[in-house]
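Peer 1: Protein chains in written order, with this note's numbering: chain A, 7 to 561; chain B, 1185 to 1291; chain C, 303 to 448.
There may be inaccurate statements among the hints.
[To be verified] Within a straight-line C-alpha distance of at most 30 Å, the following computed DSSO-like cross-link-like pairs (lysine-lysine) qualify:
{"hint": "1", "chain 1": "B", "residue 1": "K1263", "chain 2": "A", "residue 2": "K86"}
{"hint": "2", "chain 1": "A", "residue 1": "K480", "chain 2": "B", "residue 2": "K1211"}
{"hint": "3", "chain 1": "A", "residue 1": "K447", "chain 2": "A", "residue 2": "K480"}
{"hint": "4", "chain 1": "A", "residue 1": "K171", "chain 2": "C", "residue 2": "K434"}
{"hint": "5", "chain 1": "A", "residue 1": "K86", "chain 2": "A", "residue 2": "K72"}
Everything labelled a hint here was simulated from the structure, so no lab data went into it.
Only a predicted model underlies this, so the values are computations on that prediction, with no experimental measurement involved.
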Amino acid sequence: MYRYDEFDAAFVASRNAQFANQVARRLDGSLSEDEFRPIRLRNGVYLQLHAYMLRIAIPYGTLSAKQMRVLAQIGAKFDKGYGHFTTRQNIQFNWIKLIDVPQILAELAEVSMHCIQTSGNCIRNVTADHFAGIAKDEIADPRPIAELIRQWSTEHPEFLYLPRKFKIAVTGASADRAVIRAHDIGIQIIDDVKRGIGFRIYAGGGLGRTPVIGKIIKEFVTHEKLLGYLEAVLRVYNSEGRRDNKYKARIKILVNETGLEEFIKQVEAEYAISDTSSVDVDADEIARINAYFALPKLLGRSETKYDAALNDSAFADFAKYNTILHKIDGYVATTISLKPIGGIPGDATSTQMLAIADLADKYSSGEIRITHHQNIVFPHVPKDDLPDLWAALGALGLATANIGLISDIIACPGLDYCALATARSIPIAQEISKRFADLEKQAEIGNISINISGCINACAHHHIGNIGILGLEKSGRENYQITIGGDATLDMALGERLGPGIDAEDVPDTIERIINRYLHLREEGEEFIDTYRRLGIEHFRVAFANQGQILSEDL
Amino acid sequence: MKNKIPAPAILSAHDLREGYVAYWTGKIWSRDINQAKIAHADDEIVEMETVAASFIAQNIIVDFAIIPIAHIAYKITSKTLRESFLISGPTIEYGEPSIEGVENVSI
Amino acid sequence: MPIIDKEGNFLAVVGNIETISNSAAISDVMAQFANAEILGIIFPVHHDGRGYSLAKKLRCAGFNGKLRAIGPLIPDQFSDLIACGFDEIEISDEQSLRQPLAQWLAAKEISQHSFQNNNSSKISIFQSRRQKIAANRQLTSVRELP
């Protein structure tokens, strides 16, 4: 994984000194709150409902065991002993004091971490496929590209006061596990027969108040020219993006209001006259960055222990749902579920984080990934070590075998924490999780995604969940709208609303009725999304309308 | 034009340096909501806004809210949904699990 | 209204200068002001970032006069404004009291390292790396001479 060179280290050190100075000038009044707010946000410091929250950048979700240990220590020393892994592959701590932030940044800098641009109207953490470098369907590793973009976008002097936040995601496989079409810019690595490796650029995707699926603005850009092209896009957005209305300020609105063809023309015109010499990268820089992402040495291992352990059905379930085959024979990528039944999605205690770090050293070549599903991945586990790893995870409450199943719910922090929220999301996730606790039932239901957002900003991506739940406020009470049919892959689709909003107490029953309807209607081999696509929403509306009735099998 | 907050109401804000929620008692900022001063009339609410502005200017607090309240079973309760969670704190059990025999302390 | 230049000097205010809005079109600006000695770009609020791109575009279009950023800017923006092509900043009297020259100079110095270049006098980290690799190559090739 990427390691800071002397330039990166000096950069972070100087930025930390800068922020410490800015905090001091806020406290003595040299900077007003209005002046300080964009700065504080650009350093990951939010003011939430109960306290300051600090969001730490985990570039494209890649973490070392050493870094995870420091995160655990920060949670214990400066917070209440836990952290939350987010839908953009970062981590956030909910109970931070502003006056502690300079010290926290200093401790993070020692392990090459920072909080730069994890919030604010600037370019945010570049996210990528959590199986990068491992997956069998990979065309090229997206992480070096994400790293290049990260460096270019960090404290870019021209783009620190954008109309609104800007999110970029990169995928390098035939399946898109980075949700690129729901990002402001989505980058797909392609291998062109004539031109070799290059990038297809999507733009104008985003969820929130006005969900839009990203569209192609450039079919092929070379590695060398990528940053120059991105600069042109950002320059057009910075100049022309709306600043009159916070809810109409993302690039998706600009692309829509300008028209796709005209927008592309403007970007091309901007690119043609720009001087990109300082951001065009040469073969040396590409090679230098690529070298960091070589696979660790993974020696051949036997699989006898693994094969024998499959006789234990609980282990067999874990292997089935929580692992995928690695590029290298004899290895698997293992997902550690942060969705224990009835638990808080994405949360881990400092104790768990420390243990995860030790297990990563022992079983995953010291490497960890954070997924946008709010889970953790050990990328390089020898199959023969999986039984021991599973046992160790079990002792920590981290062995729930539910990845991709109905209890693997994505939920934002919601009104329990977030100042922007209109309703709670975590208790809803907990109740649904408990309702479907039985693993056999979950296996019967198969792959399905439930995404729960506590407000219209859609941080849990409810629009693209197979089942989406949006928490709003109606007459002083929490009120939940259910959508179905969302799809987060390259075949991206937005969910359709099933009916009027319902009370919190009715959500688990309603979800159960929807699921029963699907089980009743599905054909051989269909997953939830397939049945919905085949039949349409009307068949499911029936289930929704039958409040309080037990649905007969004959229907 | 901001909506006029109806009385009775209390004043809350975040401590600038540490971020915790505190309530204006009339004399100091206290984390105990039962110490909160209750404004019973419009002019008292306007005075709360002035108090908040003064403490903001002194870089002591940030982001204030005037919360309309009701008394339910002698407890101060927010009439607005969002502020009811501001007052209660998270409604879920978070953080490290409690050590046996020791109560989890919330802020 | 105090004016600070990129070398860290307070400048004397000498009359009014031509100013343009931060949403001005480049073609219009170059048509009118291509040879202007100095041009001011208005920042209506400090967090409206259009002026940065406008300055950058003007430099790309060949504008060689001085550029002055005018508005309620803060010291922490100084370095970035220079990086985008500005030579001077004009702030309000109130601000210069609350944020005196020393803070502007300190802010400019504290952000020495940057991944980008963009007209500033310091080179980007990408360019530093290239230089270092080139220097190493030179060293190696010198050693390899018979």
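Peer 1: Each of the hints needs a verdict: does it hold here or not?
Peer 2: Against the structure, the hints come out as follows:
no.	hint	result
1	B:K1263 x A:K86	holds (29 Å)
2	A:K480 x B:K1211	violated (36 Å)
3	A:K447 x A:K480	violated (34 Å)
4	A:K171 x C:K434	violated (34 Å)
5	A:K86 x A:K72	holds (21 Å)
Going down the numbered hints, you'll see the structure goes against 2, 3, 4, while the others check out.
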